[in-house]
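Novice: Chain by chain, the residues:
There are 2 protein chains.
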Amino acid sequence: MQKIKIGLLGFGTVGSGVWKILQENKKIIGKNCGYEVEVSKILVQDMTKKRDGIEQKDIFTDNPKDILEDPAIEIVIEVMGGIEPAREYILKAIENRKHIVTANKALIATHGDQLIHAAKKAQVELCYEASVAGGIPIIHAIKESLSANRIYNIMGILNGTTNYILSKMTAENMDFETALKEAQGKGYAEADPTSDVEGHDAVYKLTILARLAFGSYVHFEDVYREGITKITPIDIEYAKELGYVIKLLAIAKEEEGKIALRVHPTFVPQQHPLAAVGDAFNAVFVKGNAVGDLMFYGRGAGDLPTGSAVLGDLINIIKKKDLQKRLYENGFDQNSKRVIRMEENQSEYYVRLLVKDVPGVFGKVATEFGRHGVSLSSVIQKGREEPSVSLVFVTHETTEQNVQMAIKDIVNISEVVKLANLIRVEKMS
Amino acid sequence: MQKIKIGLLGFGTVGSGVWKILQENKKIIGKNCGYEVEVSKILVQDMTKKRDGIEQKDIFTDNPKDILEDPAIEIVIEVMGGIEPAREYILKAIENRKHIVTANKALIATHGDQLIHAAKKAQVELCYEASVAGGIPIIHAIKESLSANRIYNIMGILNGTTNYILSKMTAENMDFETALKEAQGKGYAEADPTSDVEGHDAVYKLTILARLAFGSYVHFEDVYREGITKITPIDIEYAKELGYVIKLLAIAKEEEGKIALRVHPTFVPQQHPLAAVGDAFNAVFVKGNAVGDLMFYGRGAGDLPTGSAVLGDLINIIKKKDLQKRLYENGFDQNSKRVIRMEENQSEYYVRLLVKDVPGVFGKVATEFGRHGVSLSSVIQKGREEPSVSLVFVTHETTEQNVQMAIKDIVNISEVVKLANLIRVEKMS
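Just so you know, the sequences run in chain order A and B. Plus 1 on top of the position in the first sequence (first one is 1) and you've got our numbering. Plus 1 on top of the position in the second sequence (first one is 1) and you've got our numbering.
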């Protein structure tokens, strides 16, 4: 397989996530882009730092020119963060006709227009899916899939740290300071949490989304911003009483040619899909005039989710690179993977029997389950449908075959009237 | 602006949705693809049928050759449904080197491989985003954004009709027959509901997703299928008691090179995001080894959501068509739209005041709100933080300016200790 060379600017959380995925999913990535992706060089600040699991020691450099001026490197991935020198490096790479993938929200929010124009002039790609909402492909969705829509509004939970804090405060009646400390302990919040808890991070992301959604270059300074530090358990309790959940929402709405842009704590109705977004998850709710309501939900940060977005961009650039050869779907392997027979399926099972209300029937049924290797996790018996009663079992994980064989024998027990229902209980993982 | 000519095969629900969006969003679509999209011909069965809002009467034809053999038509949109003659027409169009967009799940699920190979041979695009989950861009996400991931599993609510029925049964303790009749009354279910309620529709969609996720050509006959007709209110009640919601899930999992494919009623834990997907909405939950958990939620059917997906595909094909000119992001209009000042923002407001617990204070506060044009929808007063008490107001919609001016005066009332909090209540629409 032909190789394509890339350079990495930065090797922090996201950079090492990108590296890990490139190793782990080498085969899949090769299949999906048609090339073997080779990391030629990685720019780091500290050459002496020990980096586990990387054998090629000469891959690291502290000289940006080794990447920016190497003609063999076709694509540069910028994951160093911050405005400078990231901006300078990217401009240099663009000038040298390298495609760019970046995860840098602050840079795109503050200097996006300059970079986009430079990329356009040099006829290279500039992709930044990873800059907003981590692994959630919201930029791709707005730019591609929803491109036939007029977008009315975007409402996002774009910051995982604050969502974790507010979720904790809501679930455990915790105050802000305690929840923040817990978030810091879990690595969800930085030692200086200002950028997250005061809403700056969400402002950057909203700025990027609003430009794409409305096709108008908005400035991050125009976004109204209010953080979550003043939210108290008392307010959360009143919110609950009134039927709401408090979330830090990033909101962009267009009405009559005017755009509203705001990041602030918000009462969200309890039944709205955004209200259910807990933990450090992100979610983006989009309303378009054709598609209606759409929501995307996933991990908004972390090495692998963000790396997934970076590499999604990378693969797209490579696929476009020689479009004439690769435009068309590759087709599928024919039956390369075996589809399992349903009898092999492993699951927990909900089994409801109608039985005669006489002593001893429970024991007989349980014995049959046991004889077929099916163990039970819950049993409910109530006298609702006399003269028969419902006898409800939930099994531990077992095979479809075991449970079906058990039921075959169970329905032959004289006190069992019939199998009323069997429904699979999904592990969801 | 240069024109690009397309032909429509079929003018039912989806076809007329495509037409409506092309009219309504003409400007946006032109901007996003760089061409004026012109529908040259529409193939219909009944030429005499009256079709409102379409002036060009010669646009309709009952002769497929008018589209399939017109060299001026570059892209064919197939929205007629069914296997034949849709398959025959698409193959003919491909042979004549036209790109294809289709919403036809049954056709892709049963003959996808034949069509993909034909398209590859003729070097044309074959896109079918609209065939699964309507407006939700799940195919695009799996093919593009998640292409660096090994996908472990997909769990989807892929059929809106059955989700509506199960949601009704759950919320209103309704039996299946009654809920089905209601779904039919609302137009969510067909007169013959078999394809939906027996799970055939979901099987087609799962087949398509599983192929893309696992890169292996699976056959729809290999999918285990069980419908929802046997679900009773009793089972739903037991599920609730055990902490679950019953959903018709379409599940594809890969484990150790083997694929499990099943569509059946499933116990979903109440706290799982899929459990909250109500009404006729669809949702797809994807787990990848890099991205982690991801969920997409939206309208899985209907003229405009499905039309949105069809036209997203169309725009992508057009953008790829002359990639060298159009590959690069167009940049944004500079400030074409005015960002409103926060004072203009319209919202409802939650206002919590700490006040001294003396008579008359409520009246004084309410008077100030009224004086500034702010009307109130809820008031809560409880004695929790003595000697002060919280006085909580939720306003009707008003401007930020009005509410801020009112509060300025309210905090000067001698019995008001302070403004404890002000949080915006979002309309979410």
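One or more hints might be untrue.
Any copy, or any two copies together, can satisfy a pair, since identical chains are not distinguished.
What the hints assert, rightly or not - 30 angstroms max Cα-Cα, derived DSSO-like pairs, lysine-lysine:
1. Lys-6 <-> Lys-32
2. Lys-21 <-> Lys-187
3. Lys-365 <-> Lys-58
4. Lys-93 <-> Lys-6
5. Lys-50 <-> Lys-365
These are computed hints drawn from the structure, not numbers from a lab.
Novice: Give the relationship of Lys-365 and Lys-58 under a CA distance limit of 30 angstroms: within one copy only, between copies only, both, or neither.
Specialist: neither (67 angstroms within a copy, 73 angstroms between copies)
Novice: Pop the pair Lys-93 and Lys-6 into one bin, within, between, both or neither, using alpha-carbon distances up to 30 angstroms.
Specialist: Only inside one copy: Lys-93 and Lys-6 sit 17 angstroms apart there, 41 angstroms across copies, limit 30 angstroms.
Novice: For Lys-21 and Lys-187, with the copy left unspecified, which applies at a CA distance of at most 30 angstroms: within, between, both, or neither?
Specialist: within (22 angstroms within a copy, 50 angstroms between copies)
Novice: One pair to classify: Lys-6 and Lys-32, alpha carbons no more than 30 angstroms apart. Within, between, both, or neither?
Specialist: For Lys-6 and Lys-32, the Cα distance is within 30 angstroms only inside one copy (16 angstroms; across copies 34 angstroms).
Novice: At most 30 angstroms between C-alpha atoms: does Lys-50 with Lys-365 qualify within a copy, between copies, both, or neither?
Specialist: neither (66 angstroms within a copy, 66 angstroms between copies)
Checked against the numbered hints given earlier, this structure breaks hints 3, 5; the rest are met.
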